[in-house]
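If you read the sequence shown in our numbering, its first letter stands for residue 36, the second for the next number, and so on.
Think of the hints as simulated: they come from the structure by calculation, not from any bench. Please note that a few of the clues may not be correct.
Dumping the calculated EDC-like pairs for lysine to aspartate or glutamate here, alpha-carbon to alpha-carbon at most 20 Å [claimed, not checked]:
no.	residue 1	residue 2
1	216	134
2	209	318
3	101	267
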Amino acid sequence: MGMSMRALLAVVAFAAVLRPGLVGANFADLCDITWEPQNAAMTDGGEHLTLSLVSNISGSMLRTKKTFIYGSISTLIKLVKGNSAGTVTTYYTSSVGDDHDEIDFEFLGNETGQPYTIHTNVFADGVGAKEVQFYPWFDPTDDFHNYTILWNPSMIVWFVDSIPIRVFRNYASKGVPFPTKRPMYGFSSIWSADDWATQGGRVKTDWTKAPFVAEYNNMGLDVCECSGADAECAARCNKDTPPEPSQLTKEQMRKLRAVQLGYTIYDYCAKARDGGKGPVPPECDMEQY
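Please work from the sequences and hints to get the whole structure.
This is the structure in structure tokens:
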């Protein structure tokens, strides 16, 4: 790897933050369990949540009560311990309906002793396939870590413990789809995907280890609330939500480069340039930071 663990931890010690969405509200107030509620449990007055994967057809999903256009959504997650191969734990935003918009954190499990994969993606107007993946520089099963999605009119930023790991800028004016008009929910879930999630599906889920349990603490929402059918609301969020912050700070750029140089394991732009199918997406040649 391009950077040692000690060097990266030194970077982490600095505390520059781009509105990372401080946690402080609870799941009971903000969310509903929309799939397999028997596999979800809330404790500590709704501040602590567990989602369990029991079988290949029985996981669980949580969804925010609010929909929104732009904002910061944050939570603390401790991923499935031990052999988590074939499991996918998620934290993402998504609209519903045709040509949907979506901003993803997905955590792909692995065999005991092998690292998780942090999978990021973005869909806009139904166009996706913009995956960038990372290995974590910490054990995400040992303790809680903060995962934040910041979405504003200028850019989308994925944060881990206040460290930006990826930026996707708004180049809609240049023909690159960017989510601007479809209100999204915030989601958390756990489900089975052993046909692709671990080493391309080579390693299957060991169901003797079930249930597989992911833990969440608190949720922070700092968003422009907007209903799914309210065009005036969408226009208001686009008008009233400032594009700031529109750039990472120098310190955040240093952190981002450290993670990207040391821990990126897949980048759709690099894949396209190296002879992937189809043309190189136009945003791959545009400044993202």
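Right, here's what the structure says about each hint:
1. 216 x 134: Holds, because 11 Å separates the two Cα atoms, which is no more than 20 Å.
2. 209 x 318: Holds: residue 209 and residue 318 sit about 9 Å apart, inside 20 Å.
3. 101 x 267: holds, 17 Å
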